[in-house]
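K.L.:
Residue-level listing of the chains:
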Amino acid sequence: MADRKSSLNIPAQVIRRATLLSDQSLVTKHDGSSHGEIIDDLLSVGLDTRKSAGNTTEWDRITAPAWAGNAPLSPTNPLQDRMHFCWHTLLPCSTKMLTSKMIADHNDAIRSNALTNYKEVLIAHSKSAANIIYLTLDLSVKEENYNENFSRELMELFTLGEINGYTQDDVTAGGLAMTGWFANGGAGVHSGEFRAERSYSGNVTFMGENKKWDMDSIINKLLSMEQTAKFMSSRIGFHLTGVEFTDAKAEEIGKFWYGTDYDIKALIKKLFTDPDLQKPYYSRARTGLEYYYAVHKAAKLSDAYVPEKGDPTLLGQAWWHPPSVGGWPPEQWATPGSFLWRGNFLKKIDFPSLGLDEILDRCGLYQLTDSTYDKLKSIPADDSKLLWMVAMSSMEFNSI
Amino acid sequence: MKSFQERTISRRNFILGLAGAGVVSLTTGTALAYIKNRDTLNTDTKDLALPGNIKDPTKPQLGQPSPLLAEGETEFEKNMDFSDLTIDAKYKGRTLVLVELFGGNQGFAMCPYANNGDFNSNHGVKELIPFDNEIGFHQELVDLAEFKDKIAIVEGVGHLNKNLSHFTMKDRWHLCDSDDKQNYSSGFWARTSNALATHNDGLVAASTSGYALSMAGVTAPFLSASSLDQLSILSDSAYAEYRDTVASFDGDVKDLGAIYQSIYQTQNQFPPVVAAAPDWTQASANGNPGDLGKQLQVASYLIQADVGIQVIHVTTGGFDLHGGLSFEYPELMKKVNIALSGFLTEIEEAGLADNVTVALASEFGRRVNINGQGSDHGNTSTLMVIGGNVKPGRYGQTPSLKNLDSSGNVKAEVPFDSYLASLAQGCLGVPADRLLTQQTEQLDMFI
Numbered sequence: 001m002a003d004r005k006s007s008l009n010i011p012a013q014v015i016r017r018a019t020l021l022s023d024q025s026l027v028t029k030h031d032g033s034s035h036g037e038i039i040d041d042l043l044s045v046g047l048d049t050r051k052s053a054g055n056t057t058e059w060d061r062i063t064a065p066a067w068a069g070n071a072p073l074s075p076t077n078p079l080q081d082r083m084h085f086c087w088h089t090l091l092p093c094s095t096k097m098l099t100s101k102m103i104a105d106h107n108d109a110i111r112s113n114a115l116t117n118y119k120e121v122l123i124a125h126s127k128s129a130a131n132i133i134y135l136t137l138d139l140s141v142k143e144e145n146y147n148e149n150f151s152r153e154l155m156e157l158f159t160l161g162e163i164n165g166y167t168q169d170d171v172t173a174g175g176l177a178m179t180g181w182f183a184n185g186g187a188g189v190h191s192g193e194f195r196a197e198r199s200y201s202g203n204v205t206f207m208g209e210n211k212k213w214d215m216d217s218i219i220n221k222l223l224s225m226e227q228t229a230k231f232m233s234s235r236i237g238f239h240l241t242g243v244e245f246t247d248a249k250a251e252e253i254g255k256f257w258y259g260t261d262y263d264i265k266a267l268i269k270k271l272f273t274d275p276d277l278q279k280p281y282y283s284r285a286r287t288g289l290e291y292y293y294a295v296h297k298a299a300k301l302s303d304a305y306v307p308e309k310g311d312p313t314l315l316g317q318a319w320w321h322p323p324s325v326g327g328w329p330p331e332q333w334a335t336p337g338s339f340l341w342r343g344n345f346l347k348k349i350d351f352p353s354l355g356l357d358e359i360l361d362r363c364g365l366y367q368l369t370d371s372t373y374d375k376l377k378s379i380p381a382d383d384s385k386l387l388w389m390v391a392m393s394s395m396e397f398n399s400i
Numbered sequence: 001m002k003s004f005q006e007r008t009i010s011r012r013n014f015i016l017g018l019a020g021a022g023v024v025s026l027t028t029g030t031a032l033a034y035i036k037n038r039d040t041l042n043t044d045t046k047d048l049a050l051p052g053n054i055k056d057p058t059k060p061q062l063g064q065p066s067p068l069l070a071e072g073e074t075e076f077e078k079n080m081d082f083s084d085l086t087i088d089a090k091y092k093g094r095t096l097v098l099v100e101l102f103g104g105n106q107g108f109a110m111c112p113y114a115n116n117g118d119f120n121s122n123h124g125v126k127e128l129i130p131f132d133n134e135i136g137f138h139q140e141l142v143d144l145a146e147f148k149d150k151i152a153i154v155e156g157v158g159h160l161n162k163n164l165s166h167f168t169m170k171d172r173w174h175l176c177d178s179d180d181k182q183n184y185s186s187g188f189w190a191r192t193s194n195a196l197a198t199h200n201d202g203l204v205a206a207s208t209s210g211y212a213l214s215m216a217g218v219t220a221p222f223l224s225a226s227s228l229d230q231l232s233i234l235s236d237s238a239y240a241e242y243r244d245t246v247a248s249f250d251g252d253v254k255d256l257g258a259i260y261q262s263i264y265q266t267q268n269q270f271p272p273v274v275a276a277a278p279d280w281t282q283a284s285a286n287g288n289p290g291d292l293g294k295q296l297q298v299a300s301y302l303i304q305a306d307v308g309i310q311v312i313h314v315t316t317g318g319f320d321l322h323g324g325l326s327f328e329y330p331e332l333m334k335k336v337n338i339a340l341s342g343f344l345t346e347i348e349e350a351g352l353a354d355n356v357t358v359a360l361a362s363e364f365g366r367r368v369n370i371n372g373q374g375s376d377h378g379n380t381s382t383l384m385v386i387g388g389n390v391k392p393g394r395y396g397q398t399p400s401l402k403n404l405d406s407s408g409n410v411k412a413e414v415p416f417d418s419y420l421a422s423l424a425q426g427c428l429g430v431p432a433d434r435l436l437t438q439q440t441e442q443l444d445m446f447i
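The listed protein sequences correspond, in order, to chains A and B.
So that you can map any letter, position 81 of the first sequence is 81 in the numbering used here, and since no number is skipped, the others follow by simple counting.
So that you can map any letter, position 440 of the second sequence is 440 in the numbering used here, and since no number is skipped, the others follow by simple counting.
There could be a bad hint or two in this list.
[What the hints assert, rightly or not] Straight line, CA to CA, 20 Å or less: simulated SDA-like cross-link-like pairs of lysine to any residue:
no., chain 1, residue 1, chain 2, residue 2
1, B, Lys411, A, Gln168
2, A, Lys142, B, Ser407
3, A, Lys348, B, Asp236
4, A, Lys211, A, Ser201
5, B, Lys150, B, Gly93
6, A, Lys347, B, Asp236
7, A, Lys96, B, Gly290
8, A, Lys51, A, Thr63
9, A, Lys348, B, Leu228
10, A, Lys5, A, Lys377
11, B, Lys78, B, Thr437
12, A, Lys348, B, Ser232
13, A, Lys348, B, Ser235
14, A, Lys385, B, Asp244
15, A, Lys127, A, Gly186
16, A, Lys347, B, Ala247
[As the list claims (entries may be wrong)] Anything over 12 Å on all C-beta distances counts as not near chain B; from chain A, calculated:
no., residue
17, Ser25
18, Asp31
19, Leu47
20, Ala53
21, Thr57
22, Pro78
23, Ser112
24, Gly185
25, Thr205
26, Ser217
27, Leu223
28, Phe256
29, Thr273
30, Val306
31, Ser353
32, Leu354
No lab work stands behind these hints: they were computed from the structure.
All values reported here derive from a predicted model rather than from experimental measurement.
Glycine included, every Cβ here is placed at the ideal spot set by N, Cα and C.
Work out the full structure, taking the sequences as your base and the hints as a guide.
P.N.:
See below:
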């Protein structure tokens, strides 16, 4: 094991997981610090209050996603950027049929609430025009024309987990109870609205209780179930630490989070200070966008994020372009295809001419396998492009 | 057929963490789904341990061991041995391209019945291109319908034990497990490919849509690439040193090495990608083949590269039409029409039509009653199998669109696992009982 600067091992791990940019200055700032000290410092930063400029007439798939993509390139609160990305990943919406204002509003909703409370995030997401259209709540009208789309995914993806504590009857009842929500860019309605005349006003039996339910009461009911804390803390935990929880660990973390009433900062602190979750040092593969940001920061690139320009999309992930309602499968980032993508991406970059040590510092790689380090040291020192490409193709750089 | 130079390397599991990944859910980011299958966290006492020490192979983590036999595999899989497998010579050189229409395709609109009450008008079927007097093709499948003497329409395909989650049903299809991951930890096409590899020294399998659970546990030579652009680095002379360097990654990071080796040590087997993208992969006034066109272009390249490819998994989404049925479904059919007919034509012009079969799949169908502008998740559907070695006709059993079950679903007549088993056995010559624990009935669709 090559340990280049052992006092930076912990900062490098925390920064690459808790932020999107593997910022070298943040790593060196915390030289010798513990996990808890670093995460406390990151949590103490004031919220970034920048808002994206949505436009009610613009339907293109560029402007608002580009804002989300560019925000982390000039970070004010790097942990907030990370959690914005986390919620964008776990609560996905597609640009399809959305005005840029709808996308901007959703961005602002999950970004401004990124470090608050899961209930706030979930309700803001659920009532956003972006979600209302993406999961077809706008088409769910009274008892004649309601659909199950949002109801199913609310339980399966955002609260309880796949077939875990709910039935098809609950899905159907939830679909009926949550009718009435509307947004339609073509009709000039760019924010989610509840319209009573489109809703079902009768009782339904949801989770065994027959009464008048609506979106708020259904979400409150789901959040009152400990299973939601267990399931969602596991999802968030995997996103932030790359560790898949055992059932016992999920119970432990879920119970803790439930006890904080879904406080996001408390969960982050817990996740980053749990010794079990600090191992392994390198864990899941970086996603396409995580890789994009890591390369961007290390190479100090000046170009802006432009969705559909090519590069981020070629890395297999672009803001606001999920492959399905479930978002991006985590398994897809360590396949021959993803490594082909990354090799082609690196080809196009004009890297600064640096020596190996500085390249590894820029990449945040302070602990390396002997195998990787030996390979890098065998490359001629004047072949900077090859050094960059091989370093960035290593297991270490491809992991969080 | 070309043979690979590095046979020992190509026998590795090329997808990191795929071995054993079959026991997990494909649900995106649902880490809890993994939990069910794991007992302990990595408790390696070494601080800052590298993931090479992780014992659990069910995770897509870099650097973990890449066992040929998956941890958590079932008894059936532990005993799976294809060393005595014989495959009839007539199957040699055949390729199956499985096209998954993700989201739940309304198969009764793709292949509508002529006498169907209000269903067709409710689903935007304005005109039916006849297959026979009873069933036909959606009006936008105009070019694909030209292949009708090579098409098998399979009716009534679904789940005998349904569940309406995209991800649970997709997993069942990918594992060919009718019982929610109880019987297999490996993907069905991985098992099939592993069997084929006993008679095939080439690149046996590919996925054109990134990770596919259907390929979990593949030990046969495997590649994933979703566009030809991705393959450009394989033959760029300026990056030969880079390729050689990363292809020799090894030591503690065995899986990473395996991935790079799978990509780059076989690079000389692939002819350079020089041809311009054909028209059928491009958007036009007739529609946009989109990602499906790009993926089938990769499939066509791999088939024409003559590297031995026999199983290709293609996935395209957008079929989850809870709304927008009247205007979105025709666009989806245009996509399918342009991409499939273009691909089949190109294969035909290359003189390979008799060796290539396209089979459609979707995790489930949709309910027949519309909910305003769309329909909710359902069960039973209609599928198509197309190719030069297909016996044209109708297979399965025509389902009733009126005699619905208690949740408003069309009852399944052909279990989905019978459909998949028929493809593996009938098209590729791998007996279904070598791949499955459950009994399946064969649909006799192939010459």
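K.L.:
Hint by hint, note whether the structure agrees.
P.N.:
These are the hints, each one checked on the structure:
| no. | hint | in the structure |
| --- | --- | --- |
| 1 | Lys411/B / Gln168/A | holds (17 Å) |
| 2 | Lys142/A / Ser407/B | holds (19 Å) |
| 3 | Lys348/A / Asp236/B | holds (12 Å) |
| 4 | Lys211/A / Ser201/A | holds (10 Å) |
| 5 | Lys150/B / Gly93/B | holds (18 Å) |
| 6 | Lys347/A / Asp236/B | holds (10 Å) |
| 7 | Lys96/A / Gly290/B | holds (15 Å) |
| 8 | Lys51/A / Thr63/A | holds (13 Å) |
| 9 | Lys348/A / Leu228/B | holds (17 Å) |
| 10 | Lys5/A / Lys377/A | holds (17 Å) |
| 11 | Lys78/B / Thr437/B | holds (12 Å) |
| 12 | Lys348/A / Ser232/B | holds (12 Å) |
| 13 | Lys348/A / Ser235/B | holds (15 Å) |
| 14 | Lys385/A / Asp244/B | holds (15 Å) |
| 15 | Lys127/A / Gly186/A | holds (18 Å) |
| 16 | Lys347/A / Ala247/B | holds (16 Å) |
| 17 | Ser25 | holds (22 Å) |
| 18 | Asp31 | holds (16 Å) |
| 19 | Leu47 | holds (25 Å) |
| 20 | Ala53 | holds (28 Å) |
| 21 | Thr57 | holds (21 Å) |
| 22 | Pro78 | holds (21 Å) |
| 23 | Ser112 | holds (22 Å) |
| 24 | Gly185 | holds (14 Å) |
| 25 | Thr205 | holds (15 Å) |
| 26 | Ser217 | holds (22 Å) |
| 27 | Leu223 | holds (16 Å) |
| 28 | Phe256 | holds (15 Å) |
| 29 | Thr273 | holds (15 Å) |
| 30 | Val306 | holds (17 Å) |
| 31 | Ser353 | holds (17 Å) |
| 32 | Leu354 | holds (17 Å) |
Checked against the numbered hints above, the structure violates none of them.
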